[in-house]
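Since each chain sits alone in its own frame, please combine them into the complex, following the hints.
The primary structure of each chain is shown beneath.
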Amino acid sequence: MTSRTELLRRQSIDTHPRITCERALLMTEFYQKYSGLYSPPVMRAMAFLHLCKNKTIYIGDGELIVGERGPAPKVVPTYPELTCHSIEDLKILNSRQKTSYSVDDECIRVYAEKIIPYWRGRSIRDKMFSILLQEWKDCYEAGIYTEFMEQRAPGHTVLDDKIYNKGMLDFKKEIAESIAKIDIQNDPRAYAKIEQLKAMDIACDAVIIFAKRHSELASELAKNCNNPQRKAELERIAEVCSHVPAYAPRNFYEALQYYWFCHLAVITELNGWDSFNPGHLDQHLLSFYKRELDSGSLTPEFAKELLECFFIKFNNHPAPPKVGVTAEESGTYTDFANINIGGLLRDGSDGSNEISHLLLDIIDEMHLLQPSSNIQLSKKTPDALLKHALHVISKGYGFPSLFNADAVIQEQLRQGKTVEDARAGGCSGCVETGAFGKEAFILTGYFNLPKILEITLHNGYDPRTKKQIGLKTGEPSEFKTFDDLFSAYRKQLNHFLTIKLKGNQIIEQLYAREMPAPFLSVLIDDCIKKGMDYNEGGARYNNSYIQMVGIGSITDSFSAVKDVVFEKQKLSLEELVHILDSDFANAEQIRQWLLNKTHKYGNDDDYADSIMRKIFDVLFEELDGKPNSKGGCYRVEMLPTTCHIYFGQVTGALPDGRKATKPLSEGISPVQGADRNGPTAVFKSAAKLDHIKTGGALLNMKFSPSFLQTEEGFDKLAKLIRAYFKMDGHHVQFNIVTTDTLRKAQKNPQEYRDLIVRVAGYSDYFCDLSASLQEEIISRTEHIGC
Amino acid sequence: MRGLIFNIQKFSINDGPGIRTTVFLKGCPLSCLWCHNPEGISSEKQLIVIKNRCISCGKCIEVCPDNLGNSSIFHQSHNKCKVCGECVKFCPTEARQIVGTKIEDEQLTREILKDRIFFDDDGGVTFSGGEPLKQFDFLISVLEILQRNCIHTAIDTCGYAHPDIVRSVAKVANLFLFDLKFISSQKHKLYTGIPNDIILENLLLLNAIHKNIWLRIPVIEGINTDESEIEKIARFIAPLNSIKQINLLPYHEIGISKAIRIEDDKRVNKYVSPSYETLDRIKEILKTSGKVVNIGG
Numbered sequence: 001m002t003s004r005t006e007l008l009r010r011q012s013i014d015t016h017p018r019i020t021c022e023r024a025l026l027m028t029e030f031y032q033k034y035s036g037l038y039s040p041p042v043m044r045a046m047a048f049l050h051l052c053k054n055k056t057i058y059i060g061d062g063e064l065i066v067g068e069r070g071p072a073p074k075v076v077p078t079y080p081e082l083t084c085h086s087i088e089d090l091k092i093l094n095s096r097q098k099t100s101y102s103v104d105d106e107c108i109r110v111y112a113e114k115i116i117p118y119w120r121g122r123s124i125r126d127k128m129f130s131i132l133l134q135e136w137k138d139c140y141e142a143g144i145y146t147e148f149m150e151q152r153a154p155g156h157t158v159l160d161d162k163i164y165n166k167g168m169l170d171f172k173k174e175i176a177e178s179i180a181k182i183d184i185q186n187d188p189r190a191y192a193k194i195e196q197l198k199a200m201d202i203a204c205d206a207v208i209i210f211a212k213r214h215s216e217l218a219s220e221l222a223k224n225c226n227n228p229q230r231k232a233e234l235e236r237i238a239e240v241c242s243h244v245p246a247y248a249p250r251n252f253y254e255a256l257q258y259y260w261f262c263h264l265a266v267i268t269e270l271n272g273w274d275s276f277n278p279g280h281l282d283q284h285l286l287s288f289y290k291r292e293l294d295s296g297s298l299t300p301e302f303a304k305e306l307l308e309c310f311f312i313k314f315n316n317h318p319a320p321p322k323v324g325v326t327a328e329e330s331g332t333y334t335d336f337a338n339i340n341i342g343g344l345l346r347d348g349s350d351g352s353n354e355i356s357h358l359l360l361d362i363i364d365e366m367h368l369l370q371p372s373s374n375i376q377l378s379k380k381t382p383d384a385l386l387k388h389a390l391h392v393i394s395k396g397y398g399f400p401s402l403f404n405a406d407a408v409i410q411e412q413l414r415q416g417k418t419v420e421d422a423r424a425g426g427c428s429g430c431v432e433t434g435a436f437g438k439e440a441f442i443l444t445g446y447f448n449l450p451k452i453l454e455i456t457l458h459n460g461y462d463p464r465t466k467k468q469i470g471l472k473t474g475e476p477s478e479f480k481t482f483d484d485l486f487s488a489y490r491k492q493l494n495h496f497l498t499i500k501l502k503g504n505q506i507i508e509q510l511y512a513r514e515m516p517a518p519f520l521s522v523l524i525d526d527c528i529k530k531g532m533d534y535n536e537g538g539a540r541y542n543n544s545y546i547q548m549v550g551i552g553s554i555t556d557s558f559s560a561v562k563d564v565v566f567e568k569q570k571l572s573l574e575e576l577v578h579i580l581d582s583d584f585a586n587a588e589q590i591r592q593w594l595l596n597k598t599h600k601y602g603n604d605d606d607y608a609d610s611i612m613r614k615i616f617d618v619l620f621e622e623l624d625g626k627p628n629s630k631g632g633c634y635r636v637e638m639l640p641t642t643c644h645i646y647f648g649q650v651t652g653a654l655p656d657g658r659k660a661t662k663p664l665s666e667g668i669s670p671v672q673g674a675d676r677n678g679p680t681a682v683f684k685s686a687a688k689l690d691h692i693k694t695g696g697a698l699l700n701m702k703f704s705p706s707f708l709q710t711e712e713g714f715d716k717l718a719k720l721i722r723a724y725f726k727m728d729g730h731h732v733q734f735n736i737v738t739t740d741t742l743r744k745a746q747k748n749p750q751e752y753r754d755l756i757v758r759v760a761g762y763s764d765y766f767c768d769l770s771a772s773l774q775e776e777i778i779s780r781t782e783h784i785g786c
Numbered sequence: 001m002r003g004l005i006f007n008i009q010k011f012s013i014n015d016g017p018g019i020r021t022t023v024f025l026k027g028c029p030l031s032c033l034w035c036h037n038p039e040g041i042s043s044e045k046q047l048i049v050i051k052n053r054c055i056s057c058g059k060c061i062e063v064c065p066d067n068l069g070n071s072s073i074f075h076q077s078h079n080k081c082k083v084c085g086e087c088v089k090f091c092p093t094e095a096r097q098i099v100g101t102k103i104e105d106e107q108l109t110r111e112i113l114k115d116r117i118f119f120d121d122d123g124g125v126t127f128s129g130g131e132p133l134k135q136f137d138f139l140i141s142v143l144e145i146l147q148r149n150c151i152h153t154a155i156d157t158c159g160y161a162h163p164d165i166v167r168s169v170a171k172v173a174n175l176f177l178f179d180l181k182f183i184s185s186q187k188h189k190l191y192t193g194i195p196n197d198i199i200l201e202n203l204l205l206l207n208a209i210h211k212n213i214w215l216r217i218p219v220i221e222g223i224n225t226d227e228s229e230i231e232k233i234a235r236f237i238a239p240l241n242s243i244k245q246i247n248l249l250p251y252h253e254i255g256i257s258k259a260i261r262i263e264d265d266k267r268v269n270k271y272v273s274p275s276y277e278t279l280d281r282i283k284e285i286l287k288t289s290g291k292v293v294n295i296g297g
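Chains as they are written, first to last, in my numbering: chain C, 1 to 786; chain E, 1 to 297.
If we strip away everything but chain E, and leave its shape as in the complex, we get (with noise of 0.2 Å):
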C-alpha cells in the first residue's frame, strides 16, 4: 500500500518522549491559518523553489516541456504547471523540489527502523503531517508493520476524522497526540476552515477507548489566549483521564518560509508568539485541570 509524505524527521525532540523519527503525511482537513507545515495542506504534490539557492543558470526554463519559463526562476501558479518534475530533475542547487513522494508502506518502515538503535526504550515513531488521519489505509498498515517490530508509535491529529477511524487507529498506536486549538467551535471554524464539535466528539470518543493522550495546544498571542477560552479548555479537559500531559506549543514563525516556497499567501502573515509572561498564564489556568502542563513539545 502507497501513501503520500512529505518528510522523514529523524531525531525528532518535541513530538512525543525519547529519540523519535517523524513522519509527515501529505493532506489535511483543516486549513490554520499559522500552520507551520503549510505544504502538508493539500494532498498533492506540489512544486516548492528555494529562490536564495537559485544561481539563475536557466536550465529550469530549458528543459520544462510545456515551455512555461520566461524568467530564471518560475514557479507553478505563475503558469500551468502539471508538477512533472523536470525542472527539479536538472536544477543542480536544489532550489527546486516537489513536497510529496509516494511511498510503499514497506519501504517507509524501512526507513524507519533504520534509527531504532536511538529510540531506546521511550522512543519511537510518530505520524504527523498533514492529518495522519486522513491516509488511515496507509498510516494503519505501517502501525501494524511497527507494532510487530516493538517500535512505539505516536498520532499527532487534529482530531478530525470518522470515528471508526479513530477507534482502529486506536487499536495499533501507543500514544494520542492531539492538538486542541479551542472549545469555541465559532472561533474555530474562523482560523481552522472547520468546526470543532467532531473534533471535542473524537477527543472523548479516545479518551474511553485509548490509555495515552498528550494533548498540543498552539498559543497563538490574540487569538487563543484569553483567558475563557482557555479555562473551557481546562474545564473540557478536566474529567478525560486518559489525558497524561498537556503540551503549549508556542507559535513560531517556521510555516512563512514554507508558505512563501510554495506560493500559499493566505499564510505568509506574520502571528504574534506569546510571551513568557502569557505562558505562564496560560499554564497556570490549565493546571486547574489537575493535569501536568508543559512548555513545549
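Extracted from the complex, chain C is given alone in its bound form (with noise of 0.2 Å):
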C-alpha cells in the first residue's frame, strides 16, 4: 500500500456506520410532488435523476477513485420506497450490539415527520404483509423460510465487460434503435416497452449527470487547491468524470471509475441484494493494462494504487440497514460484491493474467471485509494462481474463497446457458452461479429443512408458534418403516415449498409492477433488446433460488431415526419424539449415543451419505424447474449466511442429537464436530451431492496454521482441492485458525478487532459476530493432517 491507500483504508475501517435519511428525503419529496404523473418505470427513473441532481456528492482528500453513494464513507441511506423503517427500527439500528448503524436525532425526527407518514402503507414491504396470505405468514413466523425481498429489492447479478467498450451514450443509441423497432400496431406490449425504455434512457441520463456533477466539483477543489500535487490529481478526476460514463472509457483510470459509477447508480436506484460486482476484474482490466504498460501512460505501481483506492470504494459500503428476520439470516455488514479471479474466457482458454496476482496481493495487504473476492479454478487455471490464493488464505481470513470453474460452467449449461455465457459466468455473492451481465439470479429465502422435520414428527403441527401449519401426515406411531416416515416428510416439504412459491410470485410480481429498476436494466442483456426491465424477466436468464439450510443436520437426523427406531428398534418414534419435546432432559444417555453412535454425515459413510443424497435428490425434484413469474425456473442452492443460526433458534431438538435452539449446520458441511475422518472423507460426501444440479453449494473448511508452515502443506491443500473439484465440488473455504486464538479474541475483543473469519461465504470480523455465531465458529472440526 502507499501512504495514500494506508490511509484511506484506515479511515474506511475505523468509521463507524451511519444512517443518513437525504435519500429518503429527496424519494419523498420527488414522490409527493410526482406521483400518479408517469408511468411506474418512468416513475423510478425519473426519482433516480432526482437523486443524481440533488444528492450530496463527496470527494475525499487523496482520493482517485471518487463517489459515494451517501454523502460520505460509511454513510448509508435508506429505501423507504421498499421498507419503511418505524422509529423503533431506526433506535434498534442504533442501539443494538452487532452490526449497528448510528442514527441521530435529526434523522428520527425526518423520519417522524416527513418520512413515515409518507410511506407508511406505501411501501413494498408493506403492501407485500397485506397482500400475502395468512398461511404464508404463519410459515415465515415459524421459521420454515425467510422472504429475501422483505426489505430488499431483487439483485444478484454482476456486470460483464460491455462498459469496457460501451458508453452511456451508446446505450442510449441502443435504446433509441430498440424503441425505432417497436411494431406499435401488432405488439400488445407496444407502451410498456416504450415506458421501459424510456426510462432505461433517462436512467442513463442520470448517470453521466451524476458523474458530471463530480468532475465540476473536482474541478473546483482544483482552482482552490495550493498543493500541486494533490491539484493535478484533482485534474485528472475531473477530466476522468467528464469522460466517463458518458463515452467508453480509454485507460485503466477512466474503466475503473466507470464501473464505480455503474456501482453506485445501481446501489442507489434500489437496494438490490448482494451489491453490484465487477465480476471478472482480472479478465476486464487486463487490455487496458497492457496496452498502457507498453506505452508507458501507466506504471504497475500506480495501477495497483488505483486499484487499492478501488477496493476501498466497496469498503466504505456497508450493507443497507437490515432488521428482524432479513438481520437474523443476513447479520453482517458485508454487501457481498465477490471479485471473480482467474476462470476462463469466452473461447475456453485460460482467463488468469498479471492482474490476477496483482489483486491478490492486494487483498493480501488490505485484507479488507470488502470486496470479498474468489478464485475461479479451472482444470486449466496454473497451480501458480491456487498456491498463491493459498499464500493468502493461510493469513486466516477467510479469502479468497475458491470455486470450481468447470462445474460453475457445467451448472449453467445444464440450466440451458450457451457455453459462451456459461464460461463468462461465475460466482457472486456467497457462492451463487450466474452468467455475468446476462442474468437475474435472485435469491429469494433460506428454507429450514430441519424445521420441516420437526413438523412432519409432530403432524403438521409447529410446537414452537403452536399452529398447525402443516399437512396431518400422521402421528409418529403411524409410521411402520423408514419409507412412511420419508414419504410423510416429502410431502410436507411439497406443502411448504408451495406456500413458499406461491408468496414469491406475489412479491416479484409486486416488484416487477412498482419497482422497475431502469438503470440496472440497461446494464443487463437483454433488457434494450426485450424492452422490459430487470425485475420484469428482460435479463437473458432468470434463474430464481431457494437456499436450503441443515443438510448436514437433516441427514443426520434421518440416519439416526432410521437406525435406532427402525432397524435397531432401541426405542419406538413416539418415545423418541417424547425425548426430543422435552429437549432431552433426563436422556442424556441416549443424546449421547445419538450423538456418537449413529452414522453422521462427512464420513464417507454410505449409510449417511445415501440418505443426505436422498434429501437432496427429493429437494431437486420438487423445485427445480418449476416456473417463476420471470420466465424462468427456481433452483436449488445450498448456502446458509448466518441462517443457520437464526433456523436453529426456531428448531427444537432433534434426532441426531442436537438440542433445541442450538445452530443447524451450514452449507453442506457436516454437522459441527460430526466428521471424524478428517478432510478427504468430508470432500468425498460433499461430493455425494450432485453439485452440477444447484447453483451453488457452500462448503466450510477449518484448518490449523500448524497445517500450513511448509510449501509441503500448500502442494497438499492444492492437491486436496484440485481433488475435490475433479469430483464436481462446487466451492470451498477455509478458516486457518486455532480454537485457541478464537477463545482469546472472545475474551479480549478489543485485541482482536481486525481478526477476520470466514463465515458462510463471506468474512467478517469475529467480534462484529453474534455470541452463537462465534461458538458455532468455534465448534467447526479443526483438521491437522497427520
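Just to be clear, a hint being listed does not mean it is correct.
[To be verified] Once the Cα atoms are required to be at most 27 Å apart in a straight line, the calculated BS3-like pairs of lysine-lysine come out as:
id : chain 1 : residue 1 : chain 2 : residue 2
1  : E       : Lys82     : C       : Lys568
2  : C       : Lys597    : C       : Lys380
3  : C       : Lys568    : E       : Lys244
4  : E       : Lys102    : C       : Lys659
5  : C       : Lys726    : E       : Lys114
6  : E       : Lys89     : C       : Lys659
7  : E       : Lys102    : C       : Lys597
8  : C       : Lys597    : E       : Lys82
9  : C       : Lys380    : E       : Lys189
These are calculated hints, taken from the structure and not from any lab test.
What follows is the structure, given as C-alpha cells:
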C-alpha cells in the first residue's frame, strides 16, 4: 500500500456506519410532487434522476476513485419506498450490540415528520405483508423460510465486460434503436416497452449528470488547491469524470472509475441484494493494463494504487440496514460484492493473467471485508495462481474462497445457457452461480430443512408457534417403516415449498409492476433489446434460487431415526419424539448414543451419505424447473449465510442429538464436530451431492495453521482442492485459525478487533459476530493432517 | 485373508510423499519405550477407556457378562476381562473402544481405494503399525491388489523380520520407510527390547534389492542424540545408494495419552523432545553421508 491508500484504508475501517435520511427525503419529496404523473418505470427513472441531480456528492482528501452512495464514506441511505423503517427500527439499528448503524435525532425527527407519514402503507414491504396469505405468514413466523425481498430489492447480478467498450451514450443509441423497432400497431406490449425504454434512457442521462457533478466538484477543488500534486490529481479526476460514463473508457483509470459509477448507480437506484459486482475484474482490465504499460502511460505501481483506491470504495459501503428476520438471516455489514479471479475466457482458454496476481497481492495487503474475492479454479488454471491464493488464505482471513470454474460452467449449461455465456459467468454473493451481465439470478429466501422434520414428527403442528401449519401426514406411531416417515417428510416439504413459491410469485410481480430498475436494466442483456425491465424478466436468463439450510443436520437426523428406531428398534418413534419434546431432559444417555453411535454425514460413510443424497434428490425433484414469474425457473441452492443460527433458534431438539435452539449445520458442511475421518472424508461425502444440479453449494473447512507452515503443506492442500473439484465440488473455503485464538478473541475483543474469519460465503470480523455464531464457528472440526 | 489392524488414517501427510492413507497393522516385535503407537505393540485386541468421555451412566457395569465392574469406569487389567466387547457395544459416548479390527484383504483395499482420487501422482498408501512385516502374508496380499490398481505403496518398518519376508515385500512395495534408532546394538536392546543386527542386515539387503528407501530416525533427546551415535549412523548409511532421504522424527508425547488408555505403565513416562538446535546439529552430521536430510516426516 502507499501512504495514501494506507490512510484511506484506515479511515474506511475506523469509521462507524451511520444512517443518512438524505435519500429518503429526496425520494419522499419527489414522490409527493409527482406520484401519478408518470408510468412506474418512468417514475422510477425520474426519481433516480432527481437523486443524481441533488444528492450530496463527496470527493475525499487523497481519493483517486470518487463517488459515494451516501454523503460521505460509511454513511448509508435508506430506501423507504421498499422498507419504511419505524422509529423503533431506527432506535434498534442505533443501539443493537452487533451490526449497529448510528442514527441521529435529526434523522429520527425527519422520519417521524416526513418519511413515515408518506410511506407507511405505500412501501413495498407494507404492501407485501397486506397481500400475502395468512398461511404464508404463519410459516414465515414459524421459521420455515425467510423472505429475501421483504426489505431489499431483487439484485444478485454481476456485470460483464460490456461497459469497457461502450459509454452511456452508446447505450442511449441502442435504446433509441430498440424503440424504433417496436411494432406499435401489432405489439400488445408496445406501450409497456416504450415506457420501459424511456425510463432506461432517462437513467443513462442521470448517471452522466451524476459523473459531471463529480467532474465539476473536482475542478472546483483543484482551483482552490495549493498542493500542486493534489491539484494535478483533482484535475485528472475532473477529466476522467467528464469522459466516463458518457463515453467508453480510454484507459485503466477510466475503466475503474466507470465501473464505480455504475456500481453506485445500481445500489442507489434500489437496494438490491448482494451489491453489484464487477465480476471478472482481472480479465476486464487486462487490455487497458497491457496497452498502457507498453505505451508507458501507466506504471504497475500506479495501477496497484488505483486498484487499492477502488477496493476501499467497496469497503466504504456497508450493506443497507437490515432489521428483523432479514438481519437474522444476513447479520453482517458485508454486502457480498465478490470479485472473480481467474476462470476461463469466452473461448474456453485460461482467463487468469498478471492482474489476477496483482489482485491477490492487494487482497493480502489490505484484507478488507469488502470487496470479497474468489478464485475461479479451472483444470486449466495454473497451479501458481492456486498456490498464491492459498498463501493469502493461510493468513486466516478466509478469503479468497475457491470455486470450481468447470463445475460452475456445467451447472449453467444444465440450466440451458450457451457455453460462452456460461464461461463468462461465475459466482457472486456467497456461492451463487450466474451468467454475468445477462442474468437475474435471484435468491428468494432460506429454507429450513430440519424444521420440516420437526413439523412432520408432530403431524403438521409447530410446537413453538403452536399452530397447525403443515399437513396432517400422520402421528409418529403410524409410521411403520423409514420410508413411511420419509414420504411424509416429502409431502410436508412439497407443501411448504408450494406456500413459499406462491408468495414469491406475488412478491416478484409486485416488484415487476411497482419497482422497476431502469438503470440496472441498461446494464443487463437483453433488457434493452426486449424493452423489458430486469425485475420483470428482461434479462436473458432468469433463475430464482431457494437456499436450503441444514442438509447435515437433517441427514444425521434421518440417519439416526433409521438406525435407532427402524433398524435396531432401541426405542419407538413416539418415544423419541417425546424425548425430543423434553429437549433430552433426563435422557442424556440416549442423546450421547445419538451423537456418537449413529452414522453421520461427512465421514465418507454411505449409510449417512446415501440419505443426504436421497434428501437432495427430493429437493431437486420438488423445486428444480418450477416456473418463476420472469419466464425462468427455480433452482436449488445450498447456502446458509447466517441463517443456520436463526433457523436453529426456532427449531426444537433433533434426532441427531442436537438440542433445541442450537445452530443447524451450515451449507453442505457436516454437523459441527460430526466429521471425524479427516478432510478427505468430508470432501468425499460432500461430493456425493450432485453439485451440477445446484446453483451453488457452500462447504466450509477449518484447518489448523500448523498445517500450512511448509511449502509441502500448501502442495497437499492444493491437491486436496483439485481432487474435490475433480469430483465436481462447487466451492470450498477455509478458516485457518486455532480454537485458542478464537477463544482469546472472545475474551479480549479489543485486542482482536482485526481478526477476520470465514462465516458462510463471506468473511467478517470475528468480534462483530453474534455470540452464537462465534460458538458455531469454534465448534467446527479443525483438521490438522497426521 | 484376514489381518488385524488398529487404524486407517486418511489424509496422512507425514508418512511418505503426497496425500496418503496409512494403515496401522497391529503387533510389533519391538517394544520401544517411547513408542507413539503403544496400542499397536500387542498382537491381540485390546480394550481402551477414554476417561474424559465417560458420563458415568453405568451401562458398562450393567452389561458386563462376567460382572467385572465395580465403579463407573473399569478396565481390563483390573479384572479378568476377555475383551468380549459387550460394554463397548453399549457405551453411548464411545469412551470404551476396542483397539484392533480383523479385516479381509479385499475389504481393506476397498477402504483404501475410497481416497484414490486424492493420491494424485505421488500419494498412495503407507502400511505402518505396529510392524507391518509381522503380518506379511496379509500385507503381501493387500500390496498385490494395490499394485494391480496402480496405487503407490510404502512400508513403514522397524526392519525386524526374516530376510525372505523382506525380499517378498520388496517385490511389491514402491517405497520403504525404514526406521533406524541406533547403530549400537546394546543401546538398541536396552530401549527396544531387541538387538539390531538383523535390522542392520535387512537394511543392507534392502539396499541391494530395492531402489527406494527413506531412512527415518526417531530423535529422543538424551537417548540417541549424542554425536558418536549419529556419526555411526552417518557412516553406516553413506554407501547405501537406495537411501534417497533421511527424515528426522522428533519425539512427541502423543504416545503417553494412548498408553494411559491401554494402561501400559511402561510407556506413561515422558521423554524429552529434541530442541531445534539438537535437530540442526544432528542434521548437519547426517548430511556428511551425502544424503538429503529433512526434519519431520
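Hint by hint, here is what the structure shows:
1. Distance check on the hinted pair: lysine 82 of chain E and lysine 568 of chain C sit about 26 Å apart at the alpha-carbon level, within 27 Å; holds.
2. Restraint check for lysine 597 of chain C and lysine 380 of chain C: not satisfied, since their Cα atoms lie roughly 43 Å apart, outside the 27 Å limit.
3. Using a Cα cut-off of 27 Å, the hinted pair lysine 568 of chain C and lysine 244 of chain E is violated, with the two alpha carbons roughly 53 Å apart.
4. For a cut-off of 27 Å, the pair hint linking lysine 102 of chain E to lysine 659 of chain C is broken: about 36 Å separates their Cα positions.
5. Of the supplied pair hints, the one linking lysine 726 of chain C and lysine 114 of chain E holds, its CA atoms being roughly 14 Å apart against a limit of 27 Å.
6. With a C-alpha separation of about 24 Å, the suggested pairing of lysine 89 of chain E with lysine 659 of chain C holds against the 27 Å cut-off.
7. About 20 Å separates the Cα atoms of lysine 102 of chain E and lysine 597 of chain C, which keeps this hinted pair within 27 Å; it holds.
8. Of the pairs offered as hints, the one joining lysine 597 of chain C and lysine 82 of chain E holds, with about 23 Å between alpha carbons and a cut-off of 27 Å not exceeded.
9. For the given pair, lysine 380 of chain C sits about 55 Å from lysine 189 of chain E by alpha-carbon distance, which is inconsistent with the 27 Å threshold.
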